[in-house]
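Chain order of the listed sequences is H and E. Numbering that gives the first Met the number 0 puts the first sequence at residues 0 to 387. Numbering that gives the first Met the number 0 puts the second sequence at residues 0 to 322.
Treat the hints loosely; a few may be bogus.
To be verified - Below are the DSSO-like pairs computed for lysine-lysine, each with C-alpha atoms no more than 30 Å apart in a straight line:
# : chain 1 : residue 1 : chain 2 : residue 2
1 : H       : 131       : E       : 251
2 : H       : 51        : H       : 198
3 : E       : 25        : H       : 131
4 : H       : 265       : H       : 131
Just so you know, the hints here were simulated from the structure itself, not pulled from any lab data. Quick caveat, the model's predicted, so the values are computed rather than measured.
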Amino acid sequence: MDNRKEQVVITGVGLVSPLGLTLKDFFTGLIKKTDVYRDIKVFDSLKAVNPKGMQVEECSLDYRPEEIILNMGECAIRSAIADRGLDTDSLSNISLVFGSGLGLTDQLYFEDKDIHYLSSLGERLCGRLGLKCEIIYIANACCAGSQAVCYGVDLLRYTDTDLVIAGGLDILSQAAYAGFQRLNAIDPDGCRPFDRERKGISVGEGAAFFTMERNTPDLNKNRKVYCAVTGFGMTNDAYHVVQLKPDGLEIIRAMDEAVQSSGLSKDDIDLIVAHGTGTAQNDRVESAIIRTYFNEQLEHIHVTTPKGAIGHTGGASGAFGIATAIGSIIYGEVPSVTNLKTIDENFEIPLVFEAVKKTINTVMVNAFAFGGTNIVVICKSINEESHG
Amino acid sequence: MSGKKVYITGVGGFTGTTPDSNNNFKILDEEYELSISGRQLRGVDRVSRLSIAAAVSATGKCNLKMDRNNDREYGLFYGTIYGALESVHEFDMVSVSTGALSVNPSLFPSTVLNSPACQVGIQLAISGPIYTVCSGIMSSLDAVGLGYLYVHSQAVPAAVAGGAEVITEMQQLMHKGRSRQGEAGGFIVMETEDTINDTSSIAAEILGYSTINIGASQTSHRIAELVVGMLEERDLTFGDIQKVYYGSYLDKSVDNELIGGLQDSLHIKDRLEQLETDWMGASGVIQIVTSLNKNKCEDGRINIFINIDDIKCSVIILKKIGG
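This is chain H alone, in the form it adopts within the complex (with noise of 0.2 Å):
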């Protein structure tokens, strides 16, 4: 990917996820290992053994699962304009970008003829809102939510589009569950990234919301600006369905694409946040990628992964990357892997056993998708940027 000129940033945070409902809770979770991972009780028609995961507390009590994705949706993009500070009735272009692995699939187990069905989720998100707004739904599962951030900068880039909010969500899914543990991919013992005795995900849930615009002088003077997504990587394996490609060769050219399409060098990454689900493969195949692309640069880098503390959130867990990035940098941090005891004596990079704090300026984010989809987004501080 090239020819992407202007600069886009970072205006506006809004997270509902497991450990808080502000980008302060989720970060100081992060942090602190709060520990979320939880008897699921509202899959009562599942019939699975004892199942858990990490579920946002608000939407524990009652299994509607059209509800609680508007619910979630609704508060996290809500939070992500207050944040912002938005007056909506002052901009005249704005998009709202979102991607979600699974929608409204969890509502086809209620076989309400009133049912409600992909595209619609985005249509009812905005009358909700009561934004004027172009809406587009991206449903490429796993890393929908940062491939939404992706077509977000591509808007603010390429069109008159004055504003977008664009992140992902998905909540805790019967049939994604049913599906997991029919492959053996959910840790009974909960989900540990790069360890040795790592056994698959966990389940999570959650919506994680972005207000991105073009960075100017006046902008940045008036309003908090989080980071700049500098630039991004988009891949496809063409390999198989569920499956990372092993050889891992299009998820490095997604990695070189983001940091060429940024400008920047492999040297000036500081932090890695991993996709990081904790299965086998995934662990195998991503760590091998980074310790191959990045090599000696790894001596001044961290990686990390949320994944452990808020499982895996489907269709937001690559914004809910992106927010991990976002807090590293504005609180000069970097979170653990949560779970991580032992390390795989095969994986040679630097993981994060313990909090470490530290001046970040430029962070990898990685998302891989069922399908084959691969995306690599950077977000930037923009302390040492000039503008335009």
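Once you have looked at the hints, place chain E on chain H.
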């Protein structure tokens, strides 16, 4: 927005012609399976097969080199309302009725909403960005529009874009369209002059794409304003318009009012063709494919594709090239 000219160099599609018991148009499997015979399709569901067949048909008509040794990074843009709904529903029903451990794990991949697009990507060895866009009746038109923006801005050298829908029991429960529905799968290939090997494959040039939220103010004036703006930006006049292809999910009375307003504003009385069969999310790309396939478009004339629901409206303008 400056960028490269974007040409359509391949079109392919299948539309249902066999009425089912509800008088909707189904596609017989043998109508499309021939074009994908020999591919490894074990475990690939029906909507994905139809998608692959349509994409293979489109790419086969241009000289785009698509194989695993190709170092070009093509993009894939897929639009759908229902996608892999049938597979999701089948999977769900097993887990609900007999428990999570009873589901067939080999069916799990098809329950991912983006699985049809991914299956196309795997079969065509597409290594660039893949998007699954879900925006109601606009889905495939938005997918084409997004692909156009990627090629136009040179983010990718070429793109395959389109969509597919199949009729299923669950889809019938959900669908709220008012006209006869039909199964369909359609794709187009978009390239710049830098990648085109054979200029005789050029069928049309895409001149622009735009999408707006219309919210409560769904007036023909707003849409006409958008179209006029797009035409003026390209130094085109109403006289250049050969036909406007229109597809909507609006109430009939609103539709009639809108169409009348558009015909007046754009001076296109008798030149607006309304979508008769509801191809659902594939509607936009099927309108494009059929307009080009049947040589309905005259060389050098402008055709405008408008898809609309009560939330938003998407528009693509293209110019037919060649006979």
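Status of the hints after comparison with the structure:
no., hint, result
1, 131(H) - 251(E), "24 Å, holds"
2, 51(H) - 198(H), "14 Å, holds"
3, 25(E) - 131(H), "37 Å, violated"
4, 265(H) - 131(H), "40 Å, violated"
Checked against the numbered hints above, the structure violates hints 3 and 4; every other hint is satisfied.
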